[in-house]
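Sequential numbering from 1 applies to the sequence shown in this note's numbering.
None of these hints come from the bench; they were simulated from the model. For glycine and all other residues, C-beta sits at the position ideal for the given N, C-alpha and C. Possibly wrong hints are sitting among the right ones.
Derived EDC-like pairs: lysine to aspartate or glutamate, alpha-carbon spacing no greater than 16 angstroms straight-line [what the hints assert, rightly or not]:
(1) Lys63 - Glu8
(2) Lys63 - Asp114
(3) Lys63 - Asp138
(4) Lys63 - Asp136
What follows is a set of in silico ranges between Cβ atoms, one per label pair, in the way DEER data are often shown [claimed, not checked]:
(5) Arg131 - Asp94: 50 to 58 angstroms
(6) His37 - Lys65: 41 to 49 angstroms
(7) Arg30 - Ala67: 52 to 60 angstroms
(8) Ala67 - Glu88: 27 to 35 angstroms
(9) Val78 - Thr99: 28 to 36 angstroms
(10) Ala133 - Ala84: 21 to 29 angstroms
(11) Glu103 - Ser69: 28 to 36 angstroms
(12) Val41 - Val61: 47 to 55 angstroms
(13) Ser107 - Ala84: 13 to 21 angstroms
(14) Leu29 - Val61: 44 to 52 angstroms
(15) Arg82 - Glu46: 47 to 55 angstroms
(16) Glu140 - Gly111: 28 to 36 angstroms
(17) Ala133 - Thr48: 26 to 34 angstroms
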Amino acid sequence: MSEKRVHEGRVIPPAAKGAISAVDGLAALRQIVSAAHECWVIHEQESTKRARLRTYEQTEVAKIKAAESVLKHYFDQVFTERRAVYEEMFARLDQAMETDQPEMVHSVLRGIVDVAQSSPLANIGDLSQIRAALDDPDHEWEL
Numbered sequence: 001m002s003e004k005r006v007h008e009g010r011v012i013p014p015a016a017k018g019a020i021s022a023v024d025g026l027a028a029l030r031q032i033v034s035a036a037h038e039c040w041v042i043h044e045q046e047s048t049k050r051a052r053l054r055t056y057e058q059t060e061v062a063k064i065k066a067a068e069s070v071l072k073h074y075f076d077q078v079f080t081e082r083r084a085v086y087e088e089m090f091a092r093l094d095q096a097m098e099t100d101q102p103e104m105v106h107s108v109l110r111g112i113v114d115v116a117q118s119s120p121l122a123n124i125g126d127l128s129q130i131r132a133a134l135d136d137p138d139h140e141w142e143l
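Between the sequences and the hints, there should be enough to build the whole structure, so can you do that?
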C-alpha cells in the first residue's frame, strides 16, 4: 500500500473520571479488531506481492539460462563451422600456391577475407526479436 492511512477514533476519557460505559468499551474493542484486521489484510497483500516477485524472478532466471544454453550451442556450432571453412580454404590456398595458380590464389584469398568480414552475430538479427522468441514457449529454434 503506497499511501499511509490515518486511523481515527474517539478518545475515551480515563477511568478515574468515571466508569467506562459498555458502549465505549465495545467501540474500543471494535477499533482494535478493525486495526488488527486491516493489518492482517495488508500483510496478506504484501505477502502475495512478494510471492509474485519471487515467481517472476525464477521465471526470468530460467529464461536467461535457456537463452544462455541456446547461445552457447549456437556459438559452438558456428565457430566449429567457421574453423572447418578456414581449414579448407587455407588448404586450398596452399595447394594453389604450390601449383602456381595466381587466379586460384586470388579467389581463395577473397573467400578468406569475405568469411573473416562476416560476423557470426550478424545472422542473429534484432535482439528484441530474440527476446520475443525466448518469451514464446512455442517458438522453434533452427540452428
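Each hint, compared with the structure:
no. : hint                                : result
1   : Lys63 - Glu8                        : violated, 48 angstroms
2   : Lys63 - Asp114                      : violated, 35 angstroms
3   : Lys63 - Asp138                      : holds, 13 angstroms
4   : Lys63 - Asp136                      : holds, 10 angstroms
5   : Arg131 - Asp94: 50 to 58 angstroms  : violated, 44 angstroms
6   : His37 - Lys65: 41 to 49 angstroms   : holds, 42 angstroms
7   : Arg30 - Ala67: 52 to 60 angstroms   : holds, 55 angstroms
8   : Ala67 - Glu88: 27 to 35 angstroms   : holds, 31 angstroms
9   : Val78 - Thr99: 28 to 36 angstroms   : holds, 32 angstroms
10  : Ala133 - Ala84: 21 to 29 angstroms  : holds, 27 angstroms
11  : Glu103 - Ser69: 28 to 36 angstroms  : violated, 45 angstroms
12  : Val41 - Val61: 47 to 55 angstroms   : violated, 31 angstroms
13  : Ser107 - Ala84: 13 to 21 angstroms  : holds, 19 angstroms
14  : Leu29 - Val61: 44 to 52 angstroms   : holds, 48 angstroms
15  : Arg82 - Glu46: 47 to 55 angstroms   : holds, 53 angstroms
16  : Glu140 - Gly111: 28 to 36 angstroms : holds, 32 angstroms
17  : Ala133 - Thr48: 26 to 34 angstroms  : holds, 31 angstroms
Hints 1, 2, 5, 11 and 12, counting from the list given before, are not met by this structure.
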